[in-house]
Amino acid sequence: MFWKSFLGKLFFKRKKQQRLPETGNETENNILQENMPSPDPAPAASANLSTDLDANVARITAAYGESADLVVREMETATSPPIKIAVFFIDGLVINLAVTEGVVAPLLAPPAALSAQAKPHPTFFEAANKTLLQIGEVSEAQTFEDIFTGLASGKTAVLIDKNSRALLTGTEGWKERGIEEPATESVVRGPRDSFAERLRGNTALLRLRLKSPRLRIEEFQLGELTKTTVALAYIQGLATDKLLQEVRKRLKRVKIDGILESGYLEEFIEDEPLSPFPQLLRSERPDRVAASLLEGKVAVFTDGTPFVLLVPSFLPEFLSTPEDYYERYFIGSFIRLIRYVAIIISLVLPSVYVAIITFHQEMLPTELILSIASQREGIPFPTFVEAFLLELAFEILREAGLRLPRVIGQAVSIVGVIIIGQAAVQAGLVSQFMLIIVALTAVASFATPVFSLAITMRLLRFVLLILASTLGFFGILAGIYTIFLHLVSLRSFGFPYLKPLGPVMLSDLKDTLVRVPFWAMRTRPRLVAPRDRVRQAEGLKPKPPQHRERDDAKNKGGDGA
Amino acid sequence: MPLFIPRPGLWLRNGIKILVRLCPENKIKPKESTRGTHPKGDDRRGQRRPVEIVLILAFSLVFMLLSCSGCWDKTEIEDLAILTAWGVDREENGDILASAVIVKPFAVAGKTGEGSAPPERPFWLASSSGRNMLEAMCNFAAFSPRFIFCAHSRFVIFGEETARQGVEKILDFFERNREPRLTANLLVVKDMTAAEFLKSEFEMVPLPPEGGLGLIQNATRRLGTVVNVNLNDFLIALGSEGIEPVAGCFEVIPKRPVPLEGELERKEIIQSPVINGAAAFKDDRLVGWLNRTETRGLQWIRGKVENTPLLVENPMAPPALIGVEVIRANSAVTPSMVKGKPHVQIKIELEGNIEDAQGFFDPKTDPAVLKNIEKRMAAVIEKESEAVLHRCQQELNTDIFGFGATFHRSLPQTWDRLRGNWDTEFPRLEVSLDIKTHIRLSGLAIESIKKIK
Numbered sequence: 001m002f003w004k005s006f007l008g009k010l011f012f013k014r015k016k017q018q019r020l021p022e023t024g025n026e027t028e029n030n031i032l033q034e035n036m037p038s039p040d041p042a043p044a045a046s047a048n049l050s051t052d053l054d055a056n057v058a059r060i061t062a063a064y065g066e067s068a069d070l071v072v073r074e075m076e077t078a079t080s081p082p083i084k085i086a087v088f089f090i091d092g093l094v095i096n097l098a099v100t101e102g103v104v105a106p107l108l109a110p111p112a113a114l115s116a117q118a119k120p121h122p123t124f125f126e127a128a129n130k131t132l133l134q135i136g137e138v139s140e141a142q143t144f145e146d147i148f149t150g151l152a153s154g155k156t157a158v159l160i161d162k163n164s165r166a167l168l169t170g171t172e173g174w175k176e177r178g179i180e181e182p183a184t185e186s187v188v189r190g191p192r193d194s195f196a197e198r199l200r201g202n203t204a205l206l207r208l209r210l211k212s213p214r215l216r217i218e219e220f221q222l223g224e225l226t227k228t229t230v231a232l233a234y235i236q237g238l239a240t241d242k243l244l245q246e247v248r249k250r251l252k253r254v255k256i257d258g259i260l261e262s263g264y265l266e267e268f269i270e271d272e273p274l275s276p277f278p279q280l281l282r283s284e285r286p287d288r289v290a291a292s293l294l295e296g297k298v299a300v301f302t303d304g305t306p307f308v309l310l311v312p313s314f315l316p317e318f319l320s321t322p323e324d325y326y327e328r329y330f331i332g333s334f335i336r337l338i339r340y341v342a343i344i345i346s347l348v349l350p351s352v353y354v355a356i357i358t359f360h361q362e363m364l365p366t367e368l369i370l371s372i373a374s375q376r377e378g379i380p381f382p383t384f385v386e387a388f389l390l391e392l393a394f395e396i397l398r399e400a401g402l403r404l405p406r407v408i409g410q411a412v413s414i415v416g417v418i419i420i421g422q423a424a425v426q427a428g429l430v431s432q433f434m435l436i437i438v439a440l441t442a443v444a445s446f447a448t449p450v451f452s453l454a455i456t457m458r459l460l461r462f463v464l465l466i467l468a469s470t471l472g473f474f475g476i477l478a479g480i481y482t483i484f485l486h487l488v489s490l491r492s493f494g495f496p497y498l499k500p501l502g503p504v505m506l507s508d509l510k511d512t513l514v515r516v517p518f519w520a521m522r523t524r525p526r527l528v529a530p531r532d533r534v535r536q537a538e539g540l541k542p543k544p545p546q547h548r549e550r551d552d553a554k555n556k557g558g559d560g561a
Numbered sequence: 001m002p003l004f005i006p007r008p009g010l011w012l013r014n015g016i017k018i019l020v021r022l023c024p025e026n027k028i029k030p031k032e033s034t035r036g037t038h039p040k041g042d043d044r045r046g047q048r049r050p051v052e053i054v055l056i057l058a059f060s061l062v063f064m065l066l067s068c069s070g071c072w073d074k075t076e077i078e079d080l081a082i083l084t085a086w087g088v089d090r091e092e093n094g095d096i097l098a099s100a101v102i103v104k105p106f107a108v109a110g111k112t113g114e115g116s117a118p119p120e121r122p123f124w125l126a127s128s129s130g131r132n133m134l135e136a137m138c139n140f141a142a143f144s145p146r147f148i149f150c151a152h153s154r155f156v157i158f159g160e161e162t163a164r165q166g167v168e169k170i171l172d173f174f175e176r177n178r179e180p181r182l183t184a185n186l187l188v189v190k191d192m193t194a195a196e197f198l199k200s201e202f203e204m205v206p207l208p209p210e211g212g213l214g215l216i217q218n219a220t221r222r223l224g225t226v227v228n229v230n231l232n233d234f235l236i237a238l239g240s241e242g243i244e245p246v247a248g249c250f251e252v253i254p255k256r257p258v259p260l261e262g263e264l265e266r267k268e269i270i271q272s273p274v275i276n277g278a279a280a281f282k283d284d285r286l287v288g289w290l291n292r293t294e295t296r297g298l299q300w301i302r303g304k305v306e307n308t309p310l311l312v313e314n315p316m317a318p319p320a321l322i323g324v325e326v327i328r329a330n331s332a333v334t335p336s337m338v339k340g341k342p343h344v345q346i347k348i349e350l351e352g353n354i355e356d357a358q359g360f361f362d363p364k365t366d367p368a369v370l371k372n373i374e375k376r377m378a379a380v381i382e383k384e385s386e387a388v389l390h391r392c393q394q395e396l397n398t399d400i401f402g403f404g405a406t407f408h409r410s411l412p413q414t415w416d417r418l419r420g421n422w423d424t425e426f427p428r429l430e431v432s433l434d435i436k437t438h439i440r441l442s443g444l445a446i447e448s449i450k451k452i453k
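Chains as they are written, first to last, in this note's numbering: chain A, 1 to 561; chain B, 1 to 453.
Keep in mind the hints are simulated off the structure, nothing from the lab. Since the model is a prediction, treat every value here as computed from it, not as a measurement. Where is the CB? At the ideal position from N, CA and C, for every residue including glycine. Each hint should be verified, as a subset may be incorrect.
[Said to hold, decoys possible] Chain B residues, not near chain A, derived (Cβ > 10 Å throughout):
(1) 50
(2) 75
(3) 84
(4) 149
(5) 152
(6) 168
(7) 179
(8) 293
(9) 303
(10) 337
(11) 358
(12) 425
(13) 443
[To be verified] Calculated lysine to any residue pairs in the SDA-like style (CA-CA distance at most 20 Å, straight line):
(14) B:17 with B:50
(15) B:104 with A:371
(16) B:104 with A:129
(17) B:74 with A:476
(18) B:450 with B:383
(19) B:74 with A:196
(20) B:104 with A:380
(21) B:74 with A:362
(22) B:339 with B:433
(23) B:74 with A:472
(24) A:162 with A:196
(25) B:347 with B:313
(26) A:227 with A:196
(27) B:74 with A:379
(28) B:74 with A:129
(29) B:104 with A:476
(30) B:74 with A:382
(31) B:104 with A:428
(32) B:282 with B:423
(33) B:104 with A:196
(34) B:383 with B:433
(35) B:74 with A:381
(36) B:74 with A:380
(37) B:104 with A:162
(38) B:74 with A:364
(39) B:74 with A:360
Start from the sequences and build out the full structure, keeping to the hints where you can.
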């Protein structure tokens, strides 16, 4: 029992993580209203609208505390009797022209036919909804909460006297970043568009790629104050219900004041919160998200960030890039193999060097060891300290270059690499070999396509370095075994993290270490899309034209002549 | 004197104790009287949050590891004296005198040339004695500021006198100790002690062991009149029955001090080694030297010739010579009993290319001339083989060919009878040679420059 719990601690396996009480059957759109007291000083936001317009207006303005960007327009129609109307919107989030021409103008001056038979107010509400408002998207709101959310997402709220309902018109429009090239996943060959911050634009990019109506998008609102929209995208029939339910369940658990990036969500919904490994792949490329959906995965969009989470994710996918599929498969496979080599180098190279130099000097060829020994002459630090200092210096340099403007960042790397490195060697602080090792490791770690995995490796590299300097190869092996034990115990939304290497799945190996040509990839990955596995017709491998056809063609040509 | 003695076992025990206490299942209930009320409420008493446990665990593990550092086998590379060759002699009183070539890494080429200081010798020659190899090696510590590290030793060299007295007691160290490699070459120095021999230097190569290694490889691949024996081969031959060991042989040709010009500041090379022939052992004692012809004969019989020049008389224009470069040679030794007497048949088959032809030579005019050359080659090989057979059977009485071992392998019952008196049977052993030679190519030309006889 003890060992079980000890190992459990060691590999961060915790069954009962949930501290918040499991919430029951909520509707998907307002999961936050239950179980959480509203911090608003204004009247409870979930309260319904009253029929008294003035009271409603007062409550809304009170809720916003007279914020400068809230625009309130109270007006009366030109009918007799006049009908009192209040229009709310938040300046900067709406297209002013749309509000003026689509909402205010038609309400103020309804057509003569309508004004002639100006009837009691409930009818005018219907008329406004059905005929008057010249806006594409109009929805009804019953509660103040709905109005607040609507206003914050750029809708214009229309309140009509004697009605306990409001109309939310889609007048959204604000300055937003355009579609640019992906900053973290650039490719030589492949589409150049990437997600931006706004959710709707992002789902549109996905919809453009997957035109089938089977692409479903479900939305949640998370974050008590930010009211961030989180969307699930999946392909009906490919994503299993079990996976979808699990994703929904985990998302609904999240009760937090704000979600500003998908990283917030990631830490709430991943399986092993104490693992150093990233368990969810994030991408800002629509093509990559589309490809994942085609394999039966679920994408989690978060409003306000271009990074989309893909669930479930497996370790081998962190070493693949969209370009593997766009270049010819020989190249794709070769580059992918190189990435595996690079990640191993970035994990173990400094520790192997330290272990050999301090414990296993007999493992190197004599010439090499003499060369290293001659460079180590006069270095005041032990090899481990030398390695640790240089690695640390490199991390600092990288961090410094990352945060600075690009132009200055280059200057930092030049200063760091050339001046510090060269000077340190000449001053006899570090040896040239160590510099080579650290530089090689750094370059190898840049070859890992997903940044979150690269930094995990960096972290583990330091652990292995300490192990190597105390126990030599034995320590490295112990560390690597521990890492592997941890990896095979990891799950991503219940799926083994090392699939298809962890439980070996021969059919899925076609797209792991190498990428086989498309005509050989007939089936989708096994665990994720168990129902509809076949993705292409049989026998699509291109063949040269048959001899008989050629003969036929020749004969025909002869006839013609 | 370390004040802090690392005790990993103790730490492990204490660490496990701590872990047991940390695990929620084994929680020790706190006593009300000692603890009082917990500031954060009663429900948290006696419980630790998982993050806390993991942090404590991680810190204790890292602490245990870090405090272990410095013990066990850790040695920084600059604290090692990298030894590249052993020379072993026996002193008058029977003690072992171990000489070592220790490389000075800072003086190895690549770092020299800076400043005006004259480059020093890149190696340090040191000797130490002891009653056995281990003691001799440990005695180095008395005067070497760095730890002797012999995993990179390329040579074990014996002086002639030592080899004649027997080397078994010395070799056990090399077989048993963890550091020395069994791939180190084993050689005996002719007419010299090993300590004296190690003073020699090579042209072109600053480090003597590297030079020696180059010499052996070069001679094996191009010349074929040497044996390339490493510790492993020697120990196997020494430990098996029906075969006696051989070892390589170094000789020193004294050089007159010649002023050398050039960039190297070494003014002179006083002694320079050549590699020559082989040392034949009986059991663990050196019994005699084989000259170059005999050594090549030995290599023909053992099938170990890689590449060697073979000179025969040009049949079309005697006494001019034709040089054949042997490119491939194999041998097969078949033991048998003929009329109750042991008999060995040796089949040697080799291929060569004509690389040098003097005088008139044009195989197009008479194809039979190639057969003639092949026959003459076979004659040379037969002569050389018979020379070494005669030497070993009649003079040295040592079975370095391993004929006994072939009987042991192929005719075990016969060997049971022969084993006891192989020393008397071996000189009487009948050996028949069956030599097949082939000429494959004639180089870039067919006929010789001189067209007319």
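Consistency of the hints with the structure:
With a minimum CB-CB distance of about 6 Å to chain A, residue 50 of chain B fails to clear the 10 Å threshold, and the non-interface call is violated. The claim that residue 75 of chain B lies off the interface is violated: its Cβ sits roughly 6 Å from the closest Cβ of chain A, which falls inside the 10 Å cut-off. A beta-carbon of chain A is positioned within 10 Å of the beta-carbon of residue 84 of chain B; the least distance is around 7 Å. The beta carbon of residue 149 of chain B is not kept farther than 10 Å from every beta carbon of chain A, the shortest such distance being approximately 6 Å.
The non-interface label for residue 152 of chain B is inconsistent with chain A: the shortest C-beta to C-beta separation is roughly 5 Å, within 10 Å. Every C-beta of chain A lies more than 10 Å from that of residue 168 of chain B, the closest at about 25 Å, which supports listing it as non-interface. Once the 10 Å rule is applied to beta carbons, residue 179 of chain B is inconsistent with being away from chain A; the minimum gap is 7 Å. Every CB of chain A is more than 10 Å from the CB of residue 293 of chain B (nearest about 34 Å), matching its label as outside the interface.
Consistency note on residue 303 of chain B: stated as away from chain A, and its beta-carbon is indeed over 10 Å from all of that chain's, at 29 Å minimum. Here residue 337 of chain B stays apart from chain A, with its beta-carbon at least about 48 Å from theirs, past the 10 Å limit. With a closest Cβ-Cβ approach of about 42 Å to chain A, residue 358 of chain B is found to remain outside the 10 Å limit, as its non-interface label requires. Distance to chain A confirms residue 425 of chain B as a non-interface residue, since its nearest Cβ pair spans about 44 Å, more than 10 Å.
The beta carbon of residue 443 of chain B is kept farther than 10 Å from every beta carbon of chain A, the shortest such distance being approximately 35 Å. For the given pair, residue 17 of chain B sits about 17 Å from residue 50 of chain B by alpha-carbon distance, which is consistent with the 20 Å threshold. Simply put, residue 104 of chain B and residue 371 of chain A have alpha-carbon atoms about 11 Å apart, close enough for the 20 Å limit, and the pair holds. Annotation: proposed proximity of residue 104 of chain B to residue 129 of chain A is violated, straight-line Cα distance about 94 Å (limit 20 Å).
Between residue 74 of chain B and residue 476 of chain A the alpha-carbon distance is near 14 Å, which keeps this suggested pair within the 20 Å criterion. For the hint linking residue 450 of chain B to residue 383 of chain B, the alpha-carbon distance of about 31 Å lies beyond 20 Å, and the restraint is violated. Using a Cα cut-off of 20 Å, the hinted pair residue 74 of chain B and residue 196 of chain A is violated, with the two alpha carbons roughly 53 Å apart. Restraint check: the Cα-Cα separation between residue 104 of chain B and residue 380 of chain A comes to about 18 Å, which is no more than 20 Å; the hinted pair holds.
Restraint check for residue 74 of chain B and residue 362 of chain A: the C-alpha separation of about 13 Å stays at or below 20 Å, so the hint holds. As the CA atoms of residue 339 of chain B and residue 433 of chain B are separated by approximately 19 Å, the hinted pair is consistent with the 20 Å bound. At roughly 8 Å between alpha-carbon atoms, residue 74 of chain B and residue 472 of chain A fall within 20 Å of each other, so this suggested pair holds. A hinted pair counts as satisfied when its Cα atoms are at most 20 Å apart, and residue 162 of chain A with residue 196 of chain A does not qualify at roughly 42 Å.
The suggested pairing of residue 347 of chain B with residue 313 of chain B is violated, with an alpha-carbon distance near 24 Å, which exceeds 20 Å. Among the hinted pairs, residue 227 of chain A with residue 196 of chain A is consistent with the structure: their alpha-carbon atoms are about 18 Å apart, no more than 20 Å. Note on residue 74 of chain B and residue 379 of chain A: the hinted pairing holds, with a Cα-Cα distance of about 17 Å set against a maximum of 20 Å. For the hint linking residue 74 of chain B to residue 129 of chain A, the alpha-carbon distance of about 82 Å lies beyond 20 Å, and the restraint is violated.
As the CA atoms of residue 104 of chain B and residue 476 of chain A are separated by approximately 31 Å, the hinted pair breaks the 20 Å bound. Distance hint between residue 74 of chain B and residue 382 of chain A is fulfilled; the C-alpha atoms sit about 11 Å from each other, no more than 20 Å. Using a Cα cut-off of 20 Å, the hinted pair residue 104 of chain B and residue 428 of chain A holds, with the two alpha carbons roughly 18 Å apart. This hinted pair checks out: residue 282 of chain B and residue 423 of chain B have alpha carbons roughly 11 Å apart, not beyond 20 Å.
A distance of roughly 62 Å separates the Cα atoms of residue 104 of chain B and residue 196 of chain A; the hinted pair therefore is violated under the 20 Å criterion. Restraint check for residue 383 of chain B and residue 433 of chain B: the C-alpha separation of about 10 Å stays at or below 20 Å, so the hint holds. The suggested pairing of residue 74 of chain B with residue 381 of chain A holds, with an alpha-carbon distance near 14 Å, which does not exceed 20 Å. Restraint check: the Cα-Cα separation between residue 74 of chain B and residue 380 of chain A comes to about 17 Å, which is no more than 20 Å; the hinted pair holds.
With a C-alpha separation of about 100 Å, the suggested pair residue 104 of chain B and residue 162 of chain A falls outside the 20 Å cut-off, and the hint is violated. For the hint pairing residue 74 of chain B with residue 364 of chain A, the CA-to-CA distance comes to about 16 Å; that is within 20 Å, so the pair holds. Simply put, residue 74 of chain B and residue 360 of chain A have alpha-carbon atoms about 9 Å apart, close enough for the 20 Å limit, and the pair holds.
Going through the hint list in order, the structure does not satisfy hints 1, 2, 3, 4, 5, 7, 16, 18, 19, 24, 25, 28, 29, 33, 37.
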